[in-house]
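Participant: Below are the chains, spelled out letter by letter.
There are 6 protein chains.
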Amino acid sequence: MRKLAVYPGSFDPITNGHVDIIERALCIFDRIIVAVAHHHGKAPLFTTDERFEMVKELTKKYDRITVDKISGLTVDYVRSHGARVIVRGLRAISDFEFELEMALMNRNLDSEIETVFLMTSLQHSYIRSSLVKEVASVGGCLDGLVPDLVKLKLKEKFSC
Amino acid sequence: MRKLAVYPGSFDPITNGHVDIIERALCIFDRIIVAVAHHHGKAPLFTTDERFEMVKELTKKYDRITVDKISGLTVDYVRSHGARVIVRGLRAISDFEFELEMALMNRNLDSEIETVFLMTSLQHSYIRSSLVKEVASVGGCLDGLVPDLVKLKLKEKFSC
Amino acid sequence: MRKLAVYPGSFDPITNGHVDIIERALCIFDRIIVAVAHHHGKAPLFTTDERFEMVKELTKKYDRITVDKISGLTVDYVRSHGARVIVRGLRAISDFEFELEMALMNRNLDSEIETVFLMTSLQHSYIRSSLVKEVASVGGCLDGLVPDLVKLKLKEKFSC
Amino acid sequence: MRKLAVYPGSFDPITNGHVDIIERALCIFDRIIVAVAHHHGKAPLFTTDERFEMVKELTKKYDRITVDKISGLTVDYVRSHGARVIVRGLRAISDFEFELEMALMNRNLDSEIETVFLMTSLQHSYIRSSLVKEVASVGGCLDGLVPDLVKLKLKEKFSC
Amino acid sequence: MRKLAVYPGSFDPITNGHVDIIERALCIFDRIIVAVAHHHGKAPLFTTDERFEMVKELTKKYDRITVDKISGLTVDYVRSHGARVIVRGLRAISDFEFELEMALMNRNLDSEIETVFLMTSLQHSYIRSSLVKEVASVGGCLDGLVPDLVKLKLKEKFSC
Amino acid sequence: MRKLAVYPGSFDPITNGHVDIIERALCIFDRIIVAVAHHHGKAPLFTTDERFEMVKELTKKYDRITVDKISGLTVDYVRSHGARVIVRGLRAISDFEFELEMALMNRNLDSEIETVFLMTSLQHSYIRSSLVKEVASVGGCLDGLVPDLVKLKLKEKFSC
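Top line first, the protein sequences correspond to chains A, B, C, D, E and F.
First residue of the first sequence? That's 1 in the numbering used here, and the numbers climb one at a time after it.
First residue of the second sequence? That's 1 in the numbering used here, and the numbers climb one at a time after it.
First residue of the third sequence? That's 1 in the numbering used here, and the numbers climb one at a time after it.
First residue of the fourth sequence? That's 1 in the numbering used here, and the numbers climb one at a time after it.
First residue of the fifth sequence? That's 1 in the numbering used here, and the numbers climb one at a time after it.
First residue of the sixth sequence? That's 1 in the numbering used here, and the numbers climb one at a time after it.
Bear in mind the hints are in silico, worked out from the structure with no lab data behind them.
A virtual CB, placed ideally from N, CA and C, is assigned to each residue, including glycine.
Misleading hints may appear alongside valid ones.
As the list claims (entries may be wrong) - If you anchor each label on the Cβ, the simulated ranges turn out as follows:
| hint | chain 1 | residue 1 | chain 2 | residue 2 | range |
| --- | --- | --- | --- | --- | --- |
| 1 | E | D68 | F | S71 | 42 to 48 angstroms |
| 2 | F | F158 | E | Q123 | 39 to 45 angstroms |
| 3 | A | H81 | B | K155 | 48 to 54 angstroms |
The whole structure should be built from the sequences, with the hints applied where relevant.
Facilitator: This is the structure we're talking about:
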C-alpha cells in the first residue's frame, strides 16, 4: 500500500516545477497517480481535459505513472484507489502555509492518509502556474518555465 | 468601557474556530458584540441575513453576547457603541500579516481603539471559512469544522 | 546606464507608500521612470489613463521623474529604455514572498536586469491600494493614506 | 478575576516597546502585574534586581501596576496570583512564531490561562532589547528606543 | 533502496513530536534509521550516548527501526548506508526556513539524496526540545510533551 | 554622494553569496566599500584581520571596491565616509525579518541613510556563513559555497 502515492493539483498548466516533483516522487514511490483536479472558484485557463492531456503526454515515458481526473475530495480519491500517501511540492519561497493548511484539513478528513512534501529544485522555486500565465499573456519568453508542449498550448490560448 | 469588545467578521459561514474565539473572549470581556460584516469584493455564499441568523442562533445561549450587522467602517461601529476594543482570532498557521495590516489600518483610522488578538485552539488552526466551503461543495465530511446548524445550511446550499 | 531606474506598478491608486518609495529612489538614482502597468486579472478601480494622470500630477514637481504606461513585460520595457534596474518597495509587513517571486521571474526573463528593493517608512507599511479602496468604499477617512488628489478621485468614484 | 493580567518578560532592559504594551494593557485590564523573569540560557546584561528596579521606577506613576520577579513557570505564577490572562506584545515584524509557540506551551501547561496579544506601535516595531544593547555597546544614540532612565543605566554598563 | 530512510536529529531529548514523525515515517518507508547527531555549537543537555539510549529504548518495539550515532555529514552517512532519503518533520509553526536551508545544503552536497518532509500532528506542533528543557528546568509538567522515560531523565538532570 | 555604497557584514567567512551581492552592487553603484564588522556576541571563527584579508584578496580585481574594518555603528561609518547608502543582500529563503529590523534601526539612528536590498542568486540562497562552517567542521565538500581561498582557510582552521 505504501508504494502508491497520489500527486493532486490543478496543473493549469503543468510547469517544470510540477515535472520536477513528479520525477522526485518516482525515486521515493513505486507508482504515482497524477490527479488533475477540477478547478474550484476561478475559471481555469485550460479545461480539465486539456490539462489532463498535457500531463498525460508529458508523463507517458514513465510507465510507473498514471494520470487521472478527480472532482471530489482528494482523500476520498486516495483511499478508493488503495493509496495512503498524498505528494505535494514545497517551493523554497512561499506556499508553506497554504500547503500545511490543506494537509491538516486532509488529515482531519481522513487521519490515515499522510501528506509527504518534496522540495522543488531551487531553479523552479519561483515558478507558479499563475505567474506563467501572466508571462505568456504578454508574450514573454517561457524557456525554463514549462515544457515545450505547454509552451505551444499557451501560445495557442493567447493568440486567439 | 473596557468591558465591551466587538468581534467583527464576515462569518461566511461561522466555523468552530470562530466559536472558539467567541468563548475565549467571553473569559476576558464582560460583553461581546459579534458584528457580521457585509462582504466586500467577492460574493459571499450566505447573505448577510443568513450569516447573521446563524451567528445569532449559535450564540443565543450566552446572555453576554449581542449579534449585529455592520456595513461601514469597523472602528466607527466600535466607537459609536461605546466600545474601545476589537477582538480578532489568530490561527497558529497564517493570517498573521493580514491581521496586523488590518489592525494597523484600524489604529490609523482611530488611535484610541485597540485590537486584541486571541489564539484559536490548535485543533481549529487550519479551519478557514473558504476551505470549509470547498469541502462542503464536494460533499466532504464537516465534522469538527462547523457547528451542526451550519452543516445543515451548507448542505442546503450545495444540494440546490 | 546605472543611473536610470524603472519603478513599475499598477498604482490603483497611487498611495503615500508609493510616493515614499519614489522619493527614496530619487536619492539613489539619477532618473526614475514610473511605469503604470495594465492590470492583469481583476478589473482595476481606475482606468490606466486615470492612474497615469494621478501619478503624473503627483510627480510633476520632480524633473528627474518620467511617467509612462506599460502593457507588455516589465523587463522588455526596462531594456528598451536603456535601463537595467527595477525598483520595488518592501513593506515591513508582508509582500516579501510575492516580491521575490516577481524579481526571480524577471531575472529569469532577463538576467542582466537587477531588482533593487527599498523599504517604505514604517508609517506607510500597512498601506495597500486594495485596503485603501476598501476604506474609501465605506467612506472612511483617508488622511495619511493617499495624497489629497487621490482622496478626491476616490470620493468621486465611490459617490457615483 | 478577568480584570487582572500578568505581563511577563525578561526586560533586559525594558524598552519603549515594552512601555507601549504596558500602557495599552492598562486600557484593557484593571490591574497589571509586570513580572520580571529570570533569564534562562544566556547571561542577561542586567541582574534580575536591576531589571526589576528599572521596571518599577518606570511604572510607579501607574497605581494599577504591580512589579514582581518570577523564577518558575509563568502559568503557575499567573494562577497563584488569581489571574487568568497573560499579556504579550506582538511587533509588526517578527516574534510571531516564537510567541505562538510560547502561548501554546502555556496553554498546554494550564488550559484555563489565556494569552492576549496586543500590537506595539509601528514606531516601536523594530525595537528589541538585544538590538538596543548592541547599539548601546558601540555608543549609538538611544533616543526613541528606551526611556531616559534606561539610557543612563546602559551608559553606565558600557562605560565600565 | 527507496525503502530505507534516515531520520537525523540531535534528539536532546527526543520528544513526542519526534516519536510522531518516526511513526508516520514507518507508514511510508520499510526501514528507518534514526540517526542521533553530535550537537554542533552549544553543549547539549544529554550526552550523545544518553540521547542514543533514550531513542533506542523508545523505538525498540519497532523491528523496522535501527538507531545509530552520526558525527560527520548526514548525506555521507545516508549514502554509505545505501539510503537515498532523509526524513524531517515539519511543525505547523516555524522550522520551515531552517529545514529548507538544511535540505538545500544537503542537496548541494549530494544531489541524489532527497529530503522528505512529514508534518507533525497539530498537538505536537509547539513542542521543541529547547522549550521542553526550559519547562523541565523550572519543574513544569511534562505531560504530553515527552515520553515517560524522557520525563524521568529530565527530572534526574534538573534535580542534581 | 549617491554613487558610493557601503556593504557591511561580519563575513565570517565571506561566501559565494556575499561575492554575488558585491558583483550585483557594482552594477548599481560607482564605488563600494565592503566593511568588515567586529563580531558582536558570539566569537567569530576568523579574526577581524583574517576576515578582512580574505575579503581584500577576493575583491582586489575590482578597482571600484575598497575594503575596510568597522567597529562602531554602521550608520556613523557610512556618514563619515560621505556615503548615504547601505547595501544588504536578501536571500530567497529567510533573513527578511532580521534585515528589515536592522534597516529600520539604522533609519532610526540616521534617517538620511538608505538601505538598498539586492537579491542573491537562487543558487546562493541557502548559503549562510554559519552553515558553511558547520559543513567545513565535519569535512564536507565546500564546492559552490565559498571561493577557493576561503576553502583553504576553512581547512586550515578545522585541521588544527
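Participant: Please list, smallest to largest, the hint numbers that this structure does not respect.
Facilitator: Number 3 - this is the single hint that the structure violates.
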